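Asker: Turn these sequences into a full structure, and let the hints steer you where they fit.
These protein sequence lines map, in sequence, to chains H and W.
Residues in the first sequence are numbered consecutively from 1, following full-length UniProt numbering.
Residues in the second sequence are numbered consecutively from 1, following full-length UniProt numbering.
Simulated from the structure, these hints should not be mistaken for laboratory data.
This one's a predicted model, so the numbers in the text were calculated from it and none came from an experiment.
With a straight-line Cα cutoff of 20 Å, these simulated EDC-like cross-link-like pairs (lysine to aspartate or glutamate) come out:
| # | chain 1 | residue 1 | chain 2 | residue 2 |
| --- | --- | --- | --- | --- |
| 1 | W | Lys280 | H | Glu112 |
| 2 | H | Lys280 | W | Asp134 |
| 3 | H | Lys170 | H | Asp25 |
| 4 | H | Lys283 | W | Asp134 |
Partner residues aside, some chain H positions facing chain W, computed with beta carbon under 7 Å:
| # | residue |
| --- | --- |
| 5 | Ala32 |
| 6 | Met96 |
| 7 | Arg143 |
| 8 | Gly157 |
| 9 | Ala162 |
| 10 | Ala165 |
| 11 | Gln331 |
For every residue, glycine included, the Cβ atom is placed at its ideal position computed from N, Cα and C.
There are 2 protein chains.
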Amino acid sequence: MRKLISPSQAQEAIFQMLARSPSIDCPIDQCAGRILREHVRADRPFPPFNRSMMDGYAIRAAEIDVSGTFKIIAQAPAGAPELTLGNEPSVCAEIMTGAVVPSDADCVVPYEVTRQIDETHMQVIHPKDHAAGDFIHAYASDRPTGEVLLAPGIRIGSREIAVAASCGCKTLLVSAKPSIAVVSTGDELVDITATPAAHQIRRSNDLMIDAALKRRDLPAAQLAHLPDEPNACQAQLQALIAQHDLIILSGGISMGKKDYIPAALDALGLHCQFHGVAQKPGKPLGFWSHPECAVFTLPGNPLSTLTCWHQYVLPALDHFMGHDSPPIPPQLSLEAPVKARDDITIFLPVSRKANNIASAQPANNSGDLVRILQSDGYIELPPTQEKGYPAGKSFDFHLWY
Amino acid sequence: MRKLISPSQAQEAIFQMLARSPSIDCPIDQCAGRILREHVRADRPFPPFNRSMMDGYAIRAAEIDVSGTFKIIAQAPAGAPELTLGNEPSVCAEIMTGAVVPSDADCVVPYEVTRQIDETHMQVIHPKDHAAGDFIHAYASDRPTGEVLLAPGIRIGSREIAVAASCGCKTLLVSAKPSIAVVSTGDELVDITATPAAHQIRRSNDLMIDAALKRRDLPAAQLAHLPDEPNACQAQLQALIAQHDLIILSGGISMGKKDYIPAALDALGLHCQFHGVAQKPGKPLGFWSHPECAVFTLPGNPLSTLTCWHQYVLPALDHFMGHDSPPIPPQLSLEAPVKARDDITIFLPVSRKANNIASAQPANNSGDLVRILQSDGYIELPPTQEKGYPAGKSFDFHLWY
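Answerer: Structure (structure tokens):
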């Protein structure tokens, strides 16, 4: 490891060195969750006509007299062209929600406040309660033609799909997904299908990272395992770097005699942006890059891997795809005082309780995978000269994926 | 519409009538985001051996004398079988993180606090700083064999995948995904690929719901559009009901002359659990069911559709799949006072600001699709005898998908 840097310096270094993913055309029904890379403009006014907001009758408000009686002369269902009421006074059209208001009507009176007198007449119950404009969603009142409705850099959710569909977008320009390899290391690890010997354990970090990626709709293109042997390790890394945009590696990056990864990345011509962050868990975190590929080296203990994935890799993936305005995280306040350090940032697993309360769920150690199940996410405790932070103090909360 | 019921009565009625989805075996690498339907137990202790937590040296703590010197007699890399130090005094094994601690060692001393004297000797710098147990993740200290690690009903995230992989689960029993049809209605709607006439608009609700479903990994099996004509409408509905577990329908359920859906569902033998909820937006919400199919009828205005999807359909999907412990929602407090009603619940679009503040983003009307883009989700304002709720009052917040 080199000189320790702070978590915010680490994130800045990652953002600076990451390329921006190319953009591609995507069918609109496949765009949910992706990052938009174009402007979507209103191709017509919103709404495109005077639209009835209720089921009832379209009238001319000035014609409501003491009797409140109108003759029903037409039907205006949704989907029918615009009508006119014409020159006869005190006539109305029966109208449905979403239908075009007749060109010479200016008020919609809902069924609920009328009485049907006979087949061709209705009466407004409280004549004084109605005015021009009532229940008419007026032409262009929401947005004029040409106005930007959706801007590049947003994540496309259900609302954005609806707006784009309304504007006739059959495809949208979105960020291409990066090709990601998830790589584990460590000769103590055996495949999930194997029966481990007493001194072995099954591999789980790679599946954990792949699952977290899948929950962001970014499944890994390849899962690989590197042996604890320098030449074989370097050769495999070289092939992976040539094939993928991003490599997320866990283990093999600490001070152990078998931690060949840093030297292998250096030898392959990647530049070490940092190796070692003033944080717990995850101190040995590193980041290597060259113009075609970026490599995150996450510490191999499960809690360290998980925390570094959420704190560094996830924002980096968003940044890579041009999503630069992530949502504001919720804040949780401490249920009880917690210890902190004056030299490092602590990422503390917590469970989320009612009323935005965070209950600390510290792991016994960063290898304690099962204990993490009791937390819902983590909060970030920056270094402090105090012994720790008091109950009630609030911190940004990040949910585990 | 029938008698209005409260939002909580509506949710209860839905939960009571919904079937429970069958469970299926799923390969572990496809389980992210799904609902677990079995117990996962530890097949070995966690951890399965005395595991070194650091790179350094494994020693017998009682042998640290004033000099702190030890002879290095062995290497203990991760993945190698258990060693013994043997009978010679003041010897140690160089050990890597994740390796098995020698059977007769009881303390790991990290490199950082040692000095290498020569090729075969190291010195502990502060002899008094170390004790038996240091940096050893003890055998079975996290969990014994057979203990339940994962219980049915949880949503499987990255941590659960890691735990299941550690236990050798190649597949997991999870809830089958329901077959869902998303159905729009309304003769004013044309396909996204068509050029709408002046009185028409493009269909967007069905794509909006499908996108929201896709963001939950539950893509619709079929999208359909019903005409505003009773016989054709009923025949198409019958076919859809026969083919799908759930139908999410938007539009055609209000009081309009062309709102044929309620009668068609009744005629097809489905039972109306409710039709009409004391809420805004979304008053005409309805729910029909029979043993093989449940039909949500959402009002067709985009904000109504979206709100009802989040408030009713999403929890119902979780319930259908056996996920009965949804996460606690964050609470946001009002930035400014808001009006409320004494008779209905208001679902208010809000944007989320820093420090858990909710800024109201009311729509001009429930047809105002574009305005919804300025909100991040909504809060639920129950009826109150007061004029409204004061600034600072907190409410559960639900993010738009």
